[in-house]
Amino acid sequence: MSRQWARLPERGHPLALGLIRWIALHVGRSAGRVLLYPITLYFLATATVARRSSRRYLRRVLGREPGWRDRFRHVHCFAATILDRVYFLTGQLDQFEIEIFGGQRILDQAASGRGCILLGSHLGSFDALRALGVTLRHLPIKILMNTAHNRAMAQVLDALNPTLAQTIIPIGAPDTLLKVQESLEQGCMIGALGDRVARGEKTVRCRFFGQETALPIGPILLAALMNRPVILCFGLYRGGNRYDIHFEPLAERIVLDRRQRREQLGVWVQRYADRLAHYARLAPYNWFNFYDYWEEDGS
Amino acid sequence: MDVLSPFELEVARLLVETLHLEGIRPEEIAPEEPLFGEGLGLDSIDALELALAISKTYGFQLRSDDKENQRVFTSLRALSAHVAQQRAR
Numbered sequence: 001m002s003r004q005w006a007r008l009p010e011r012g013h014p015l016a017l018g019l020i021r022w023i024a025l026h027v028g029r030s031a032g033r034v035l036l037y038p039i040t041l042y043f044l045a046t047a048t049v050a051r052r053s054s055r056r057y058l059r060r061v062l063g064r065e066p067g068w069r070d071r072f073r074h075v076h077c078f079a080a081t082i083l084d085r086v087y088f089l090t091g092q093l094d095q096f097e098i099e100i101f102g103g104q105r106i107l108d109q110a111a112s113g114r115g116c117i118l119l120g121s122h123l124g125s126f127d128a129l130r131a132l133g134v135t136l137r138h139l140p141i142k143i144l145m146n147t148a149h150n151r152a153m154a155q156v157l158d159a160l161n162p163t164l165a166q167t168i169i170p171i172g173a174p175d176t177l178l179k180v181q182e183s184l185e186q187g188c189m190i191g192a193l194g195d196r197v198a199r200g201e202k203t204v205r206c207r208f209f210g211q212e213t214a215l216p217i218g219p220i221l222l223a224a225l226m227n228r229p230v231i232l233c234f235g236l237y238r239g240g241n242r243y244d245i246h247f248e249p250l251a252e253r254i255v256l257d258r259r260q261r262r263e264q265l266g267v268w269v270q271r272y273a274d275r276l277a278h279y280a281r282l283a284p285y286n287w288f289n290f291y292d293y294w295e296e297d298g299s
Numbered sequence: 300m301d302v303l304s305p306f307e308l309e310v311a312r313l314l315v316e317t318l319h320l321e322g323i324r325p326e327e328i329a330p331e332e333p334l335f336g337e338g339l340g341l342d343s344i345d346a347l348e349l350a351l352a353i354s355k356t357y358g359f360q361l362r363s364d365d366k367e368n369q370r371v372f373t374s375l376r377a378l379s380a381h382v383a384q385q386r387a388r
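The listed protein sequences derive, respectively, from chains A and B.
Under my numbering, the first sequence has 90 at position 90, and the numbering climbs by one with no breaks.
Under my numbering, the second sequence has 347 at position 48, and the numbering climbs by one with no breaks.
Quick caveat, the hints were computed from the structure, so don't treat them as lab data.
Derived lysine to aspartate or glutamate pairs resembling EDC-like cross-links, with alpha carbons at most 20 Å apart:
#  : chain 1 : residue 1 : chain 2 : residue 2
1  : B       : Lys355    : A       : Asp257
2  : B       : Lys366    : A       : Glu182
3  : A       : Lys179    : B       : Glu348
4  : A       : Lys179    : B       : Asp342
5  : B       : Lys366    : B       : Asp342
6  : A       : Lys179    : B       : Glu367
7  : A       : Lys202    : B       : Glu316
8  : A       : Lys202    : A       : Glu263
9  : A       : Lys202    : A       : Asp257
10 : A       : Lys202    : B       : Glu348
11 : B       : Lys355    : B       : Glu316
12 : A       : Lys202    : B       : Glu337
13 : B       : Lys355    : A       : Glu185
14 : A       : Lys202    : B       : Asp342
15 : A       : Lys202    : B       : Glu321
16 : B       : Lys355    : B       : Asp365
It should be emphasised that the depicted structure is a prediction, and the values quoted were computed from it without experimental measurement.
Bound conformation, chain A alone:
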């Protein structure tokens, strides 16, 4: 996959984000949602790379040429979930209708006290399930996050809920995964997003919507090294105030043979890619990777 996203300038000025936060908290969700329309139009008008990437993705997932309605809906869905993050992070979950699929799996896993890898993506809202798990159910969830990328957004959102911010393990230091190891040994569930490649991260080639791209092997390798199960999770925005949260097991145990490690990792990452595509078809406008995902621009 392209690493272009890491080089893109941050979208969203801290002041604008602060404004969204203020409106979200003081004016309310209904008024905030009215503002999503001009925000979406502004984004469509100014973000050239994102617009092109959106069109290419929509073509693949819809299997036809996307119209302006599709493209508007795609960006609008993104903006709506950013607004809702404010409510998820401040624990205001009562105004949402959240349906959970496969929730027993995650409760059983938490009860076992053994820890696991919660493998998610930038499809939909990871914060929806994070808020639900940590705030409502008090599950021991920690999140691996690339906080260096979108610092402005991270700071604005962290300030909303310092307790939740403490459950973030920032990516990038050599001892990042030693922290993860210790958390897993304490029975924590480690959330990781498996659809973007961080700088210098090891990858494997996968097929995704019929075309090759590179996906990170890190989360699967981590599960194998630590001998922990992998549970897939997707928090999909369904419009209005509705979110669907899906959990499904990917692997109870990942055993790797030293000599065929790359190939075996490739098989698991491909299974992840297939499920990701499945959920993307289920909720096509939830895809929030607005950059050259299939490396079509050449670099």
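Use these hints to put chain B onto chain A, whose structure you have.
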């Protein structure tokens, strides 16, 4: 050129073997060269794998709350010194 001490060579062997570094011979690793990013180009998952191997071989666990870590992972020499010290405890 900087020569590895016998113990540094032992840790270098563990490193090359654990991480399957192709085309790198343990005795060729420059002891002061960075292990991460530049230099050998290891990443965080390599650090975990290395930490697991060190724990198995030398019987102690590298902790993330150890303030020494920033230094420990800088080079083979720093890592070896840390392992030698921790192992002796």
